[in-house]
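Model the placement of chain B on the given structure of chain A, informed by the hints.
In the order they appear, the protein sequences are chains A and B. Quick note on this note's numbering: the first sequence kicks off at 1 and runs consecutively. Quick note on this note's numbering: the second sequence kicks off at 427 and runs consecutively.
Keep in mind that the hints are not guaranteed to be accurate.
Said to hold, decoys possible - A few chain A residues that face chain B, going by a derived Cβ cut-off under 8 Å, partial list only: (1) 86; (2) 405; (3) 409; (4) 411; (5) 413; (6) 418; (7) 419; (8) 420; (9) 425.
The hints are simulated quantities; they were obtained by calculation from the structure and are not laboratory data. None of the values given here were measured: they were computed from a predicted structure. Virtual Cβ for every residue (Gly too), placed ideally from N, Cα, C.
Chain by chain, the residues:
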Amino acid sequence: MYALVDANSFYASCERVFKPGLEGRPVVVLSNNDGCIVARSKEAKALGIAMGVPYFQIRDLLRRHRVAVFSSNYTLYHDLSRRVQDILRRHGDEMEVYSIDESFLLWHRPLDWNAVGRGIIAEVRRWTGIPVGVGVGPTKTLAKLANHLAKRGAHADGLHVLDSPGAIDAALGATELADIWGVSLGFIRRLASLGIGTPLELRDADPREVRGAMGVVGQRIVYELRGVGCIPLEAEQPDKKNICCSRSFGEATDDWPALREAVCTFASQAAMKMRRQDLATGRVGVFIQTDRHARCEQYAASWTVRLSGQTNDTRELCRAATWCLGKIHRAEHKCKKAGVLLLDLCRRAGAQPSLFKSIDSDRVNALMMTVDRINQRHGRGAIRVAAASAFTLGPSRTWHLRCDHRSPRYTTCWNELPVAVASADG
Amino acid sequence: MGGGHLLILFSDSVSAGFPSAAEGYEDEPLNLHNWIVRNPAATFFFRVSGDVLCDEHIRDGSLLVVDRSIEPSRGRLVVAEEEGRFIVARHRVGCEARVCGVVIAVVIRF
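Same shape as in the complex, but just chain A:
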């Protein structure tokens, strides 16, 4: 049996763990640079606040309803996510981390699935403060559907188990095609042409016919709905194909030094991410764009450059990123957002160094690893290329992130621990 365990409004729940007064109050979390809403608690959803709405458009509404507003605090979310994963890993025989707030568990033995589900929900809640929902089913697709019902069904109480043909029939009867994992709008249109309009009809359709219309992916869904597992767990995260680091700026700017600093900082961060996975890159891309919400002439451009070999050297990547920026930078356009992409990633061990440079790639790697270790210990940007900015210096530059509502990094920073007031009467 499979279970899909996911956290309810994960980011908002993380904020609540360390803010005792927020239980029952609406909470929203903003995207990077306080741009738009990326997470809402149940109470905030009830106010009609939609996902992705620009923050400035609903600022009054949020104030009126005393909604607690947070800038995203990914350091905190990542730490709590890791804790939840550690707890879940002990429950299943195998596990796949699907996203920051979703994991699949797999068992190869029969168990009392209601007891298992309740146990997981109670333990994660007690140990971390994070509320989770659990859906159990014989395939990943059915577990995902069960999870959907655990949260949104008529009697939703955080757990839904599909362990009998009757339960599966009822679940497929109570949901729509759009609720099925992997079924896109395009699929729904093509299924309609086959006369398939409900999950039950999809399960009972001729797999070959579905394959003809939707390919092997559609056929797999049919079998998964029948309880025949076709989508295996991916215990190992596949190697990333590319890495992106991008940000909106606090203020739009056309200033060359400021933009160069931003781009070099992003390149350095992306390079660090890449090295953490022991990868190297062969192609670097840079993009910039003006403020989509501002009434100004819009401009967006990107440029990529192929490196003469594959590398993980921050210095080389910054040089390439600066060169790309030079190709697309226009003095007449103020940029609101920029980003750096590292493309054509490959394992560093198999990387091809440049023919035309006599650089000892092992020495470069050792240097970069040392830089990463120092930055880990002393804060991001403690050691950096001169063109990049030190994050630790704070928001002195126009392009820096706006995060006016960021909560403390309660679990990863000695100076930001939560405070407990000593009380004599317990």
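Same frame as chain A, but now just chain B:
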């Protein structure tokens, strides 16, 4: 060169001294964190504010190690939620405050 090849068999020196008598007895250095934190997924740190509990070795600025997985029993030091803030106090059964976790250690740096 005829058909001959020069084959290099060894190009590095080999250390051939007497092996260390300590070999096979290596141990990790003691790690204070591992000694205190028994359940990392459920353990959180808090900073104390106030000197009311200084008789209990809990002073302003001390660090509390709090394990949320332990069932609180009467008389144990706990961190709880009260009126929108965290407090640290002795646990009383039937108390209004919602217990977050049990204090398993206090760390004071002199």
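Please check whether residue 411 of chain A passes as an interface residue: C-beta within 8 Å of a C-beta belonging to chain B. holds, 6 Å
Going by Cβ atoms only, is residue 420 of chain A closer than 8 Å to chain B? The hint holds - residue 420 of chain A has a Cβ within 8 Å of chain B, the shortest such distance being about 4 Å.
When the nearest CB of chain B is found for residue 418 of chain A, is that gap smaller than 8 Å? At about 5 Å, which falls below the 8 Å cut-off, the nearest Cβ of chain B leaves the hint on residue 418 of chain A intact, so it holds.
For the hint on residue 413 of chain A, does the least C-beta distance to chain B fall short of 8 Å? violated, 10 Å
Per the CB criterion, is residue 419 of chain A less than 8 Å away from chain B? holds, 5 Å
Restraint check, 8 Å cut-off on beta carbons, for residue 425 of chain A near chain B: holds, 7 Å
Cut-off 8 Å, beta-carbon criterion: hint that residue 409 of chain A touches chain B: violated, 12 Å
Interface hint for residue 405 of chain A, Cβ within 8 Å of any Cβ on chain B: With Cβ-Cβ at 17 Å, over 8 Å, it is violated.
Classify the hint on residue 86 of chain A as holds or violated, based on whether any CB of chain B lies nearer than 8 Å to its CB. The hint holds - residue 86 of chain A has a Cβ within 8 Å of chain B, the shortest such distance being about 4 Å.
When held up to the earlier numbered hints, the structure conflicts with 2, 3, 5 and fits the remainder.
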